[in-house]
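Undergrad: Residue numbers (this note's numbering), protein chains in the order written: chain A, 119 to 316; chain B, 810 to 1476; chain C, 15 to 118.
Hint data in this document are derived by calculation from the structure and do not stem from the laboratory.
Heads up, a few of these hints could be off.
Unchecked claim - No more than 25 Å apart at the CA atoms, straight line, and that leaves these computed lysine to aspartate or glutamate pairs for DMTMM-like:
| hint | chain 1 | residue 1 | chain 2 | residue 2 |
| --- | --- | --- | --- | --- |
| 1 | B | K1334 | B | E1345 |
| 2 | C | K117 | A | D203 |
| 3 | B | K1186 | B | D1018 |
| 4 | B | K1334 | B | E1320 |
| 5 | A | K141 | C | E112 |
| 6 | B | K1325 | B | E1097 |
| 7 | B | K1186 | B | D1264 |
| 8 | B | K1186 | B | E1097 |
| 9 | A | K141 | C | E90 |
| 10 | B | K1334 | B | D1119 |
| 11 | A | K141 | C | D109 |
| 12 | B | K1371 | B | E1383 |
| 13 | A | K141 | C | E23 |
| 14 | B | K979 | B | D1398 |
| 15 | B | K1334 | B | E1097 |
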Amino acid sequence: MIAFWLLSFALIATGVFTITASKPVYSVVGLLGNFVILAILYLTLNAEFLAVIQLVVYSGAILILFLFVIALLSSGVKPFDIGPDRAPRIGVPAFVLALIGLCVIVFSVVRAAVVGAPNAPEGITGQADAFGSVGDFGVALFTKNLLPFEVTALVLMVAVIGVVLLAGDEKPAPPRRKPHARDLEREPIVKPVEKLIR
Amino acid sequence: MIVSAHPLGLEGSYPLLFLIWLLPLAGALLLWAFGPRFKSFAGPIGSTMVGVAFLATLAEWHDATAISGGLAGAHQTLFTWMPGFTFGLLFDRLALIWTLVITGVGFLIHVYSMGYLAGDKAFARFFAYLNFFIFAMLTLVLSDNFGGLLVGWGLVGLASYFLIGFWFFKPTAVAAARKAFVINVVGDIGILFAIVVIVAHVGSISYGDTFLQIGAFSPHDLFIVCLALFIGCAAKSAQVPLHTWLPDAMEGPTPVSALIHAATMVTAGVYLIARCAPLWTASADARELVGVIGAVTAIAGAVLGVAQWDIKRILAYSTMSQIGYMIMAVGVGAFDSGVLHFLTHACFKAQLFLGAGIIIHNLNNEQDVRLMGGLRKTMPFAFIAMLTGVLAICGVPGFSGSFSKDAILTATLAHGHPWLYAIGVLTAGITAYYMFRLLFVVFFGPYRGNVDPSDLGIRHPELAGTAASSGHHPEETDAHHAHAPAWLMSGPVAILIVPTVLIGWIAFGGEGSPWKTFWDPVFPKVSEAGGFVMPELAGTVLVFAVVLVGFALAYLQYAAPKVLARSVPRLRTESVRMPPVLANAYYFDAAIDALFVRPSILLGRFFGSFVDPLVIEGVVHETAHTASWLGHLFRSFQTGLVRVYALSIVLGAACFAIYYVVIGAAR
Amino acid sequence: MTQWLAPMESYIALSAVMFFLGVVGVIARRNPLIVLMSIELMFNAANLALVTFAKLWANNAGHIFAFLVVTVAAAEAAIGLAIVVVAFRRAQYVDVDEASVLKG
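Generate coordinates for the entire structure from the input sequences, incorporating the hints supplied.
TA: Below, the structure written as structure tokens:
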């Protein structure tokens, strides 16, 4: 039990750290920790395959993607500039509402009689057809859920096309205009990275 | 022998009735729609419609006088709106007499108008209006129920408004038309009220049902009904105190005055009372009221007639006075005498007005008698016409007016009203005085048309009564003032001389006269205690004596040779010394103005300045304001910030969660 | 590690907490990248709930579903980041408050 409490504490801590970090890179690190703890929790739930997928896809690919974009947008050493806060202290009502929602769900879940004892077999990790194992997952994925699998492939392809269309082929730079006083206080975003890439 | 209280008439299908009733309407619609295209052909069209209606009336004579099994006259049902509200046409003896006058005299006046209004730019419109009036009056007279009566009542008021204000570029005419209409509305309300009470008691608006169930009314309610009906009669027939519109109605063209304000429309009140004879027979209080007001109007009108200088106003007040006679007659229960006087009056009053019209037309719209004089030599035909009319109206024995007037006076005395009789006799004398005054001032002495108006005491030539005011504007007549053939105007006048003199003879013979036997099946006999039956000859002699006195006084004042020599200064003195009470018509107009007109104007101003901008506009304003405010409120949600939108999504989700959990828990 | 299994309610509660942490992150942070990361946090909370229920009812449809969620989340993150790149390429401030064209 202690293990579970520790794990849950870590989960929540990393989550909080993610959303409250001052720099985006710190947030990414926090999110990484969150994903790892989550993978461990999956393992406790007999979801071996999913735990590995979580680590590989999420922390291995998506977070890297985030890091690239942070690098792309950040202006070298300086942190991201942010403008004036147009909705000050909006966090307060957000926090209150979130708390309400949370309490409602927890309350209903705890009260519900449906949640009982898990009746999945404890399972022997490593056995090919055990619940949650690769074999079991694979059989379900490629027999009963073949169509969703194919559709997911299509989704990913669309995503790739979308990304290429959106962010590729940067338009030629607009004609040089006299720099506004506002523009002069910070360096342009793109140039150092272009230097790096070339 | 009374067949029944008021029979509904022999049921049947009478196509000629439709012809009589609807042909003038067709003429009106035709002339309204295509009038300008017809130009002067509109006159013959209008006249033909009414002429054919008259012939159809003659053809229907025997149907109207038919009696069979307790019902008299012809009845044509039109349609039933609701139980108790059946509309139809009733053509019995009473309707017959009125229809003969309306279509007959109407036809003559249509022909006369073709001459009088020749060259007027709105020639067709005039005949459309005249035809419309004939139709409206026939609706009033031919209806078999109070509803149709009220419709006709209102429509003749409308026609009168059209025709008085025919020359609408004259502000005095417009004001007079409006005044006539508003006062008539007061009468309409009275009749409407009476209809409501009748329906409440009897459950039906038809004459037959009402008269057969008089027992359903308590004496008090019956008096209320008669009083309400009489308010309508007083307004329409210009009885005191609702008479003030009639003298001003003379702003309309003279044929209008002849037809509407002398012969037909103003007698609608008399018709109503005669039609509702069973109601009046049953209520002695109502009869008392009507008789008194009739007598008061008769003498008041006569006295005012002495003080007028406009030839048409003299005749207007004489109309008011003579109708007072008729009202008095039907008020005391002498229905057939009242109707006889209506018949004779229609003839001689139309005669007088048409003759006056000839004078006015030939003198280029001069209406002030002070600027006339000596026309006996220049217009002999007009003199003959007016003379017959004057002799008839004064009740000179042998002429038509005397038969009816004597009948009324005798009946008044016989029904026990000595005071009313005295007033009637006195009024006869005053009538003789002012009518002969008219005759002498217009036709005798030197011609005063070239005299300076102020020498004659005319203070405001621009006001009504002189050529300066009542003339057409030059642009209202066609360039070559086309003179119609003279027989168009003198023909009808010549034709009217015959009944003016002779029509009274149908009542010769007392109780056995053709007139009395004609009405025996219709009118109940009212007998009252205290009546004094004066022998007919004695009555006639007494009235004639009083008339001679009036004539003599008028002669001494206006026609004696030494008077005629100094007519200008004498007229001037009389004008200047006219008592203000008479000059301002007993201040009725001023009283009505102070009591009703001013408060209404103040009330209107109050609503206009306070209620309208603050309350009504305030409501509208506030509605718009609220809509705008709501818009601003909802607009404030559109901040454009993603975070705020996300917050609203979360808010919605939280609400959903609470709803499902709480409601789910409740189940 | 299955011996560390806790009662099922705990996992659901944990999932709920994570979810609402993500919600607060989305609303309260102005950097678009952190907003996207909070969204990923929400996805993972949902995944945890799915896996929990799969365990509860011994039905690996929950696993399949979670797998698909991962895939879709990946695609969504990619496109979201592409949009952020394009939108803030030449912007002065990298701040979601600047994207207020819908203001009305």
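Undergrad: Which hint numbers does the structure go against, in order from smallest to largest?
TA: 3, 8, 10 and 13
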